[in-house]
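J.: Heads up: the protein sequence lines correspond to chains R and P, in order. Note that my numbering has the first sequence beginning at 30, numbered continuously upward. Note that my numbering has the second sequence beginning at 5, numbered continuously upward.
Hints may be right or wrong, so weigh each one.
Computed list of lysine-lysine pairs in DSBU-like fashion (alpha-carbon distance at most 35 Å, straight line) [stated by the list, open to error]:
#1 P/K37 - R/K78
#2 P/K129 - R/K78
#3 P/K37 - P/K242
#4 R/K200 - R/K104
#5 P/K149 - P/K129
Hints in this document: simulated from the structure, not taken from any laboratory. Bear in mind the structure is a predicted one, so any value in this text is a computation, not a measurement.
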Amino acid sequence: MTTTEPSTPTPSTASAGLAPLELPTRSTRAASTAAFGALLLRDLVVLRKNLREFIPRTILQPLLLVFVFTYVFPKIGQGVGGATGASEFSTLLVAGVIGLAVLFQGIQAVALPMVTEFGVTREIEDRVLAPLPVSLVAIEKIVSGAIQGLFAALIVFPIAAIVPATPVHLKIHWVILLTFTPLACIMCSALGLMFGTVFNPRTVPMLFGVVVLPITFLGCIYYTWASLAPIRWLQITILVNPLVYVSEGFRAALTDVPTMSLWAVYPVVIGFTVLFGAIGIRFFRRRVIA
Amino acid sequence: MTAPATPAPAPAPTGEVVIRTEGLTKVYPGGVKAVDGLDLEVYQGEIFGLLGPNGAGKSTTAGMLTTRVLPTGGRALVGGVDVVAHPAAAKQLIGVVPQSNTLDRALTVWENLYFHGRFFGMSAKVARRESDRLLEQFRLEERAKAPVLALSGGMAQRLMVARAVMHRPSILFLDEPTAGLDPQSRIALWEILEELHDDGQTILLTTHYMEEADQLCHRLAIIDHGRVLALDTPEALKASIGADTFVTVSTAPVEPAVRQALADRLTGSLTGVTNMEVTDDGLRFGVRGARGVLPAVLAAADESGATVVDLRAEEPTLETVFIELTGKDLRE
């Protein structure tokens, strides 16, 4: 061990007669911090190695979405956006597409690898033997997924702003953007942790078919929450959908389109983060410790 | 396992306890008692084996000692640290080679070691140096840049051992380390473990291969149904069954009564016969002092009207001990 931390006494459980052999030369806290950082470093190195996969998987869906809805449709005269008009539609879609990209990072960067590591390769067993509490191994996954979500948002933003054939009216509210973006990334990553620990290789098709599909279609990507007022029951029902708040939050950060009150968006996103994180960590522990 | 800049502590005198379990128990949900009140002590510098059939509780015991299985009773100390109360502290002290391949598929052979070093607090420089050194020591340097999926089973196992000892654990755990390995890789792994032992590494391994237990382990706990049936050196265990030679006789097909008669005759004529057992095609027994036994068997067979087609005398094995203790074969 190379850290120069003064050695801290080992937890005082040494019973009489049990010789203190090579006791930890570092406190548990120092060891945990170093291990957490190294786990994060490992994930970022893997991300760098896999950029050729990361970039296409991140941009393709938003690119196609934006291309078809905001380039092809206006060009062929097939109006989308209803009463709001094509330009407004392009504008409100920007936020939805970024929200979608961040949500998908939570699934692709956290949930799917975790399903594989738990169910097929058992690689997670080694990660769990690193000298830090198991819950921190799970939290590291959230942080690493959130960083990848942040990259995804950065990559997707120019696409959503440039591709549409009709003008996109952006109005960046920096305070909201800089506070909301990390929060949304962490929440989506925590959601990914929860999915990754709840689903297994056998049930993972359900994740896409039954869970992700309604989340994306009913996640206020293509419309604002307020515009759903004529369908009141739907407007109320989708309040359980975390993507609604992500889309609306990004919309408030990037445009002047009227959105749900930020007094609702922030607390709900924080609440969901805590909820998904708590469930995810709990299930993670349950999966790795018999 | 010493390197110039990070010298391992001088080997302490043997006799110090590295692992202690007191009434360690694991009952899985559903009531299956995998480990039942286990009391063990493992001393520094020894290779300690848990020998038993599949389902005996070996892996559950290893799992509890390595923080991956929560005991339902008793306690376990590793290097003085309670593994249940302080798992993160305990994990600094242990190196683990699990049963399945848990190498990081997203990384190369070298990176697997490098990041393991970083997880355990090594600086980038030290982790690089140690990775290079270990790849050389474990004869994997040519594969440094290969993805781990390209490794053979034996090489993957060597890499897992290299990874497990990289942070110089107080104790190295190996769970069925040679299961599924070809004989050559198995012998290569045994050599590696012997070398690690020579460097002072304390090792606990679980196995259901008697040869492995016999060849490697200084002390053995034979376990079944989660309980220790016997605990001693392999030699002492073999000596404990009261015979120094086991004789196996195969006869040409004869009535069971003939075999029984032969058994009775031998029991009467030879001194110190133990464990007499009439088998499907002959008989098997232990005897103290092998001199003159084989001619006596042939003579007795002649007199009983049985034709001997095969006759073997061998020293007792751990298998014999196991059968003696449990009445069943290790592989059952």
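J.: Hints first: check each against the structure and report whether it holds.
T.: Verification of the hints:
{"no.": "1", "hint": "P/K37 - R/K78", "in the structure": "45 Å, violated"}
{"no.": "2", "hint": "P/K129 - R/K78", "in the structure": "21 Å, holds"}
{"no.": "3", "hint": "P/K37 - P/K242", "in the structure": "28 Å, holds"}
{"no.": "4", "hint": "R/K200 - R/K104", "in the structure": "25 Å, holds"}
{"no.": "5", "hint": "P/K149 - P/K129", "in the structure": "18 Å, holds"}
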